[in-house]
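Going down the list, the protein sequences come from chains U and X. To convert, note that position 224 of the first sequence is 679 in the working numbering; the numbers rise steadily by one, no gaps. To convert, note that position 93 of the second sequence is 94 in the working numbering; the numbers rise steadily by one, no gaps.
Hints may contain errors.
Computed footprint of chain U on chain X; a stretch qualifies when at least three of its residues, placed anywhere within it, have a C-beta under 8 Å from a C-beta of chain U [stated by the list, open to error]:
no. : segment
1   : 42-54
2   : 72-79
3   : 205-214
Read the hints as simulated data drawn from the structure, not as lab findings. A virtual CB, placed ideally from N, CA and C, is assigned to each residue, including glycine.
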Amino acid sequence: MKKIGIIASRELKAYFDSLMAYVLLVLFLGFTGFFTWIYGSDIFYIKQASLQVFFSVAYWTLFFIIPALTMHLLSEENRSGTLELLLTKPLSDWQIVVGKFLAPLVLIVIALALTLPYYITVARLGDIDHGQVLSGYLVLILFSAMYISLGLFTSSLTKNSIVSYLITVFIGIFFQIIFQMIGSNLPGTLGHWLNYLSMNTHFDSMARGLIDSRDIIYFLMFITLGLVLSESMLIKRRYS
Amino acid sequence: MDVVVENLTKTYGTQKAVDHLSFKVKTGEVLGFLGPNGAGKTTTMKAITSFLIPDEGSIRVGDFSVDEQAEEVKKHIGYLPESNPLYEEMPIIDYLKFVAKVEGIPAGQMEEKIREVIRVCGIQKEKHKKISELSKGYKQRVGLAQALIHDPEVLILDEPTTGLDPNQIVEIRELIKKIGREKTVILSSHILAEVEATCDRILIINKGKIVAEGTTEELRKKSQAHEVLKVTIEEGDVNDIFNALQALDEIDRVDFIDRENAEFEIQSRSDLSARRAIFNLCVEKHWILTQLTPIETKLEDVFRKLTLN
């Protein structure tokens, strides 16, 4: 546990030292702020005291930001050879993977915490459903964790971080829209399963305030899958 | 802690990088791996540090098996990889702190341990710099510092002096020798002088196999079973001299070094010395012996002989 923390805090510090953290925070707050308050179907347009608008803007903003946070995590270590250092230190592969997974997650939680003023503002404008807001933030964290886990896995596949970014976005697009697009047009079990795989299904219901254990299991399942696959890539590395 | 390697085999594709390699290193011993590039030195070291899992064979570090107790083994090993990878964007101090934490050094001893390796490795002046700002030699020292920080029982150094200037090389060699008195050190190199200067025992590896093993002295002696002399004889016909030398019982082989100046290289038969015979021959024929130099076999020659085929 302590070792995981050491890895995670080094990564987190690297985000801030390289200014990457600040750039991404500004991008995230800029985008979500702009589309939540100023432009398009913003809060004033839909005239409801809810953060639904913010959640759906964050859905896409985070989707493009997260792979940028995860793309270097293992690929860069692989390219520069520092992976050899990590793997020969008294650390287990699992500790390395989980530590690296937690760093961007903490950064995302910081970003989300910085949007609390949105919540406070809307709460003063009208009657807000606090449970729904809580459920919305929870799903944003789970959603982020799932893509971080995917991004970590893709970064374990390559030495090139841009390749990792592209693979993450490519796979992610299937979860974001394609599974749902195909699934809703297909009858029967296949359609049902594709709908189940689709991120939309789970995200929307939680963003509307419905906390269902099935949705949470969906996220936890994919988070675990990504972590296990990343770990197995590290193990495979030793046999190469 | 002793390191015992048995039957280590590792294949990359169809190429056997290490082929049933077995050896043992005892505490207080500095073992040098010598071999041409691609001989399997690095692969063997990676297997000991558990970075690579071998196809066959077992490695034990002290009482621990690398295969089954990798975590324990890693605690006792300090490793400097060949490419000396470092987190370039980190300042030296932060980097060493990170390594110290990973190695599980208690917070109370951290400061002291870091100060100690910084002193030992001579990076005092640079300690606040970012690693990317350092020269190659200083990076190498940082690499060495991270390997030493937890005071490991076993130190594995893959070409530790690459990129260092001559003064630094001497310092680092002294340091390795000093550590080698109490700890187990395995170092690889293709610089013979280095191995000669630092190691108690040498292992010459070629194509994944051990081709020779022993102390510098032993290796030299082994290849010196045949005495080799450089001889110059004047005042005679070169061909006569050549034939007369060839006819001596003690002499196995005569070669010209320089025909014009009648300079020969003479190899004696096993365990015989041809020096007296050559002198007597010259006296008898009234030739003048102007040079008779025994050629001492250098480690280079042993190395070349064993690894060129």
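Hint check results:
1. A count of 6 residues in the segment 42-54 of chain X with a Cβ less than 8 Å from any Cβ of chain U is obtained; the coverage claim is therefore met, three being the minimum.
2. Only residues whose C-beta sits within less than 8 Å of a C-beta in chain U count toward coverage, and the segment 72-79 of chain X has 4 of them, enough to reach three; the restraint holds.
3. Look at the segment 205-214 of chain X against chain U: 0 of its residues bring a Cβ nearer than 8 Å to a Cβ of that chain, fewer than three, so the hint is violated.
Checked against the numbered hints above, the structure breaks only hint 3 and satisfies the rest.
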